Every structure is written in structure tokens, then in C-alpha cells.
Amino acid sequence: MIVKEELLKLIKMPIISIVILFFIALNIVIVMSNSYLKEELSVLSELVDTYGYEINENMMKSFGKDYQDKVSWINEIAPNEKEIYQHPSELLLDDSFQYENRLNHKDYQKLLKYSVIENYYVSAQEIDKKYDSIDLGGSAEYLISTYGFTGHAAEVIREQYQKLGLRLDELIDNGEHKNLFFIGKLYKMHSFLFRHIGMALIFELMILVVLITAAITNYEFEHRTTLVTYTTKRGRKLIIDKFLAAMITNGCIMFGLIGITLGFFFLTYDYSRFWNVPISNFFNTEMPLPYISWWNLSFIEYFIFFVLFIIMSQLLFMGISFILSIYIKNTYLVFFTFIILLGLGITIPGFVPLSSSLVFLLQCNPFAFILNPHEWLMGNGPFTIYRYYELATTVVWTFFLGAVGSYTVYRFYRQQL
Amino acid sequence: MLVLKNVSKKFGDFTALEDINLEFNNGVYGLLAPNGAGKTTLIKMLVTLLFPTKGEIEYNGVEITSLDEQYRNVLGYLPQEFGYYKNYTPEKYLNYLAALKGLDKNESKKRISELLELVGLGDVTRKKMKKFSGGMIQRVGIAQAMLNDPKILILDEPTAGLDPKERGRFRKILTTLARDRIIILSTHIVSDVESIANEIIMIKNKTILYKDTVTNISATLDRKVYEAEVAYSDLYRMREKYQILSERQERENMTIRFITRDQPSEKWKMVTPSLEDVFLYVYEDDDTLAGSAK
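Just so you know, the protein sequences line up as chains A and B, in that order. Per the numbering used here, the very first residue in the first sequence carries number 1; after that it's consecutive. Per the numbering used here, the very first residue in the second sequence carries number 1001; after that it's consecutive.
Only chain A is shown next, with the shape it has when bound in the complex (with noise of 0.2 angstroms):
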């Protein structure tokens, strides 16, 4: 009954609702700003149908027996008789072609489609050699220089490079690799859901979490109340109450702002046929490194520790919110306040000496951990390159912000109101 009154509260605060609705407008836009790929992104399912996504001996067969009848369709079509074409691509880059223009718009549409297919079919070619010459020895001294990484710090990057190593053997063994996506270095999607989408919602989620925390940890300072709401038998124990209103209202708000942007998404490409694609593909990377993962992931997979690891950092934000709350008793201070804990979270690792390996421990705190999602389970990041960073980071502060939180409650019943 309590709870359900505190629910109230904040469902009537006509604030909440509006950046709601605004921040879901900002998603849909988001997600839309890819949408010109859908076309060639659908090419892919098509592929998956018809050799499915795993990439071995028999599927490259096929492959290249029905992509050479492409190949064969090319030269029929092209213009200069005498030129034999060995890619799509070659014919829509050939000039003469261009300008006489001579295809039919359902023919040209086609030959489109092919040189998407030919992407597919001459990378999935090179899978093995790429892969041959991966050195990540020279990549983490590529990393030490550009960063300028020196002594311990240095060797840290050093000795979780040899670990990744042996997730990359393992990965090559599992054939982790060989499987179809869509091309990242071309349409980056990878980055698109995790990053962009990410950041994101993160960002919203982060914004209305501490506002909602705030003003319901503060209504009855707000409204002049307290004197009235805590001395009755309830007391100060309404906190509590009050917690778990903060708790409802932000799971809610979670479950609609991310259900509502990544279905959108979902609605708009279709990742169907690509839910048990592993995470660490070849076709996924978007930098002259490949995606590694330290766990042998499926694309929904890391989508869901993806999304766990949004909800955990929300949880982790409403802690520190609810702790300022009580003891600042503003909303705007306290949202204030977190704003300015945000931009030392996430600036105070940048001062230390990066020859200290206290770079890397710092950068466990609940800011620096939401700033490269995409990045989140992965070897990539060189900061949070630690097998364990995610896990730690979440599982450390979920007790600390407790403790502390248990403190400040204890401390909020005995405090002079």
C-alpha cells in the first residue's frame, strides 16, 4: 500500500512521462539512421537460408558453385563482349558500363545485389589467411606505443595480450570464426547496437534513474512533509519504501525504454537468422583487429549480458543516487552532484601515469564501465582489457554501494529532521 502510494508520486510527475516519450522519439531516430543499409543487409539472410551460417568445406562448395552461375549471368548482361568479368563488382566499376547504362532497373538491382554477394563470398575466402596473421604480440606493442604505456602498466598489456592469444587459439579451434554476419568493417553494425544504441540508452536510462531516485528519496523535503510523514509509525523506515519505488518505477521504465528501442531495432533489421552466430566472428570486425571475446558467446548471448550489463549499471546509478539523496535532500543538487561524480569517474583514470597499472584499477568504477559497451566481455578495450573487468566492476560496487547504502539508512534513523 505504501509502495504503491510512493508509485503514485512518481507517476504523477508529468516530467518523467515527457522525457520518456522524448528520449523514445531520439531512439527511433537513432535506430532509423541505419535504415538505408536494411537492402543490403537483407542479402545476408538470404545467404543464411539457403547455406546456412557456418562456414566449412561443403557451404564454400555450394557457395561458389551457385556464385560463379552469378558470375556467368554477369558476362551475359555486360555491354563490351570482349572483357570477361571475374566479380560483380568489376562490371559495376567497369566506365563503359556506367555510361551506357543498359541494364534494366530489375537487372541492375540484381547486379547490385551480387557485388554485396561477392563481399561475402571473396572474404569468407580469406578467413584463414586473416586469422594466420593476426600477431597480437605486435598488436599489444602497437597498443604500448600509441597509448604510451611504459613499465608495469606496459607489461600488463603484455601478459593479458598472451592470455587473449590463447582465447584467439581457442577461438580459431571452435571454428568461432567461420560463420557469416554482416560485414563490419562495412556497415559496422556491431557498433551501431552496442555503441551507438548503447550509449544511448545508457545515457537516458542514466538521466531518468537519478532524477526518479532523487525526487522520490526527496519528495516529502520537497513538499515540507517530513515533519508529518516521519513520525508516523512507518517513520523513517518509509526510505525504505521509498527504495523500492525508486526500484519499480526504474525496472519499468528499463524493461520499456530498452524493450521498446531494441525491438524497434530488431523490427527494422532482421537479426533472425544470426541469434546463435558467435559474437567473435570474422565478419563482425570493424577495426584491423577482430572482435575476441573472452568467452565463447552466440550473438544473443551477448546481447543479453549486454542488456544485463545496462540494467546492472542503472542499479549501480541508483545506489549512488539514493546515498547522495539522503544526505543532500535536493533533486537537482543530487542530480547535479552525480553529474559531477560522472565526469571525475570518468576523467580521474586519464591522470594517472600510465606506467602504473592503478590505470587499469581505476577504471573499475561505474562511469569509466559504461563508456564502451560495444567493448563490454571482449579483449579489445586496452583499459578494460582484464578477462574479468565487467564481472569485478558490477559485482565489487553492487556490495560497496550496499554497504554504504545500509550505513546511510542506519545513519537516516538517527538523523535530526
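These are computed hints drawn from the structure, not numbers from a lab. As the structure is a computational prediction, the values presented were derived from the model and not from experiment. Beta carbons: idealized from backbone N, C-alpha and C, even for Gly. Any given hint could turn out to be false.
[As the list claims (entries may be wrong)] Derived pair list, reagent style BS3-like, types lysine-lysine, alpha-carbon separation capped at 25 angstroms:
#: 1; chain 1: B; residue 1: 1010; chain 2: A; residue 2: 4
#: 2; chain 1: A; residue 1: 113; chain 2: A; residue 2: 70
#: 3; chain 1: B; residue 1: 1224; chain 2: B; residue 2: 1211
#: 4; chain 1: A; residue 1: 9; chain 2: B; residue 2: 1109
#: 5; chain 1: B; residue 1: 1010; chain 2: A; residue 2: 9
#: 6; chain 1: A; residue 1: 233; chain 2: B; residue 2: 1110
#: 7; chain 1: B; residue 1: 1224; chain 2: A; residue 2: 12
#: 8; chain 1: B; residue 1: 1054; chain 2: B; residue 2: 1092
#: 9; chain 1: B; residue 1: 1211; chain 2: A; residue 2: 237
#: 10; chain 1: B; residue 1: 1127; chain 2: A; residue 2: 4
#: 11; chain 1: B; residue 1: 1128; chain 2: A; residue 2: 12
#: 12; chain 1: B; residue 1: 1128; chain 2: A; residue 2: 9
#: 13; chain 1: A; residue 1: 9; chain 2: A; residue 2: 65
#: 14; chain 1: B; residue 1: 1211; chain 2: A; residue 2: 233
#: 15; chain 1: A; residue 1: 163; chain 2: A; residue 2: 61
#: 16; chain 1: A; residue 1: 329; chain 2: B; residue 2: 1086
#: 17; chain 1: A; residue 1: 82; chain 2: A; residue 2: 129
#: 18; chain 1: B; residue 1: 1131; chain 2: A; residue 2: 9
#: 19; chain 1: A; residue 1: 233; chain 2: B; residue 2: 1151
#: 20; chain 1: A; residue 1: 12; chain 2: B; residue 2: 1092
#: 21; chain 1: A; residue 1: 329; chain 2: B; residue 2: 1010
#: 22; chain 1: A; residue 1: 12; chain 2: B; residue 2: 1131
#: 23; chain 1: A; residue 1: 12; chain 2: B; residue 2: 1127
#: 24; chain 1: B; residue 1: 1105; chain 2: A; residue 2: 9
#: 25; chain 1: B; residue 1: 1110; chain 2: A; residue 2: 9
#: 26; chain 1: A; residue 1: 4; chain 2: B; residue 2: 1086
#: 27; chain 1: B; residue 1: 1105; chain 2: A; residue 2: 12
#: 28; chain 1: B; residue 1: 1110; chain 2: A; residue 2: 4
#: 29; chain 1: B; residue 1: 1109; chain 2: A; residue 2: 4
#: 30; chain 1: A; residue 1: 233; chain 2: B; residue 2: 1092
[Claimed, not checked] Negatives, chain A to chain B, calculated, CB over 10 angstroms:
#: 31; residue: 2
#: 32; residue: 36
#: 33; residue: 40
#: 34; residue: 203
#: 35; residue: 300
#: 36; residue: 308
#: 37; residue: 326
#: 38; residue: 386
#: 39; residue: 403
#: 40; residue: 414
Position chain B relative to chain A; hints supplied.
Below, chain B alone, put in the same frame as chain A:
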């Protein structure tokens, strides 16, 4: 029985109350002192918003902080600044407070309806409180304090904002309620408590100056309060010499009420001291008392 044992309250270096010993049984207690004397501090300690720096407050022999919600369950409190949610109706606000007071839904529905009728708000139960006058808000405050039928009812300046008719009504309600509970009524308006309080508590210099009946407190000024009719020309001299309790104009002269221990003049009329006389006497600045009844 509510007992304060050697209670002191400090805020940093500032001592608000020192070594307070009080005992409350069923009945109305008027806590009478000017603003800033420490009434609200004392009340806030009684309602567990503040905690004594020294000493103990016990209810039926147990420290009130140990009793925790058991104590607050028998407590009704109207603070000096009664806060409310502007967009709530009194019915809804009282419903919320009833939930905080541990009342079940059916019980509280009936109780809220009765109380709003009692305080004269029966016809505006579903009107938003932002449209209420100060007096109406204060009546909502009184109703919420009585929601849980408290054994200890503490009212801090409850008549602020009430018109004379409402004050009279309020005093009647209190008299009815006082039979089986402790009512502590803090005020700086003497007439609020003079007629209804079983005992008056007066605080001065951080300690309890009086805790006694109105009659006994008033009797401390027996044979010292006089009334006299003086010409305007003599008024200044009288003001200089005596502590004036009240002045009223009558034709060309002024009738003054004052305190003195001097040999009375034949023109003066000795009057029965009232609680207000004691209040004015006790809280008059020491400087003004010079040369008067001292």
C-alpha cells in the same frame, strides 16, 4: 505516562534546552512560551524528529527510541508548519497518512470521513488542497494528527491561521479528546490554553520555569497586579516605573494594568492575576522590569 528525565539538547555549541524534567499523564498540557524559547525543540524530541543530547524520554517506563514504531503508533503530531501535497484532496492525503500510520483501508476510510466532518471539512473532502485557505489546511492537519486515535497528541501552534470561531471549535474538540490521552499543546497565545489546559508548562532560559495549573501559576502574582486610571500626562511616568501588562483607552484617560510590589495607591484597584499577566511578566525583557515589581 510520558516522562522526560534530565533532557538537554544542544546544536553544536548552542544549548537549546537544559536539564528538562517533565511528567505527562492524561490531560491537556499547555506549553506556553514565546517564539524561540525552545518549544519546538522540545516537541521535536517528543515526536522523535530530534534526539536528546543528554537524558532520556520514556513512555510507560521504556525509552521512546527503543519502542520505535510502537511509540509512534500511539503518537499524533501536528507540526508548526504543516506540509501537504497541493494536488491531493484531503481525503487522499489522509488516506496516505493512514497507510503510514498502519491503519487498514476500511478502518481508515471510516475514520477519515468522521474526522473531516469533525473539523468541518466534510463538504470539501474531494477538493484539491491547493484551493484551501490557511485555516482549512490547519484543520486538515488537526484531522491527520487524530487519525490513529493517538494516546499522545502533540500540537505545535495548532490555532495558527484559525479564525476566532474555529479556535473555539478546536478547543471544544480538544476538551472532548483529553479524557483518555495526553495532549500537549504548544502555543504563544495564552487564550488557546488558559481555559482548557490542566497544566501549563512555561520554558525560560532553556529550563522549565513552571509546570502547574493555571490557578497556581496565576497565583504567583497574587496581590501584585493592579489597574489604575491615569491621565495621558502621567502615562509615560507610569510606564517608566512599572511593568505595564495592558493599556486601554477610556474617555480622556487610560486604564492601565500593571505589576508592582510597591505600597499601592488608593486610586489603584487590585485585580486577580491572569495567566496572561504571568506570561507578560515572565517574558518581559529584564531591562523593562527594572524598577517595577522586582
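| request: Just pull the numbers of the violated hints for me, sorted ascending. | output: Checked against the structure, the hints that fail are numbers 1, 5, 7, 8, 9, 13, 14, 15, 17, 31, 40, while the rest are satisfied.
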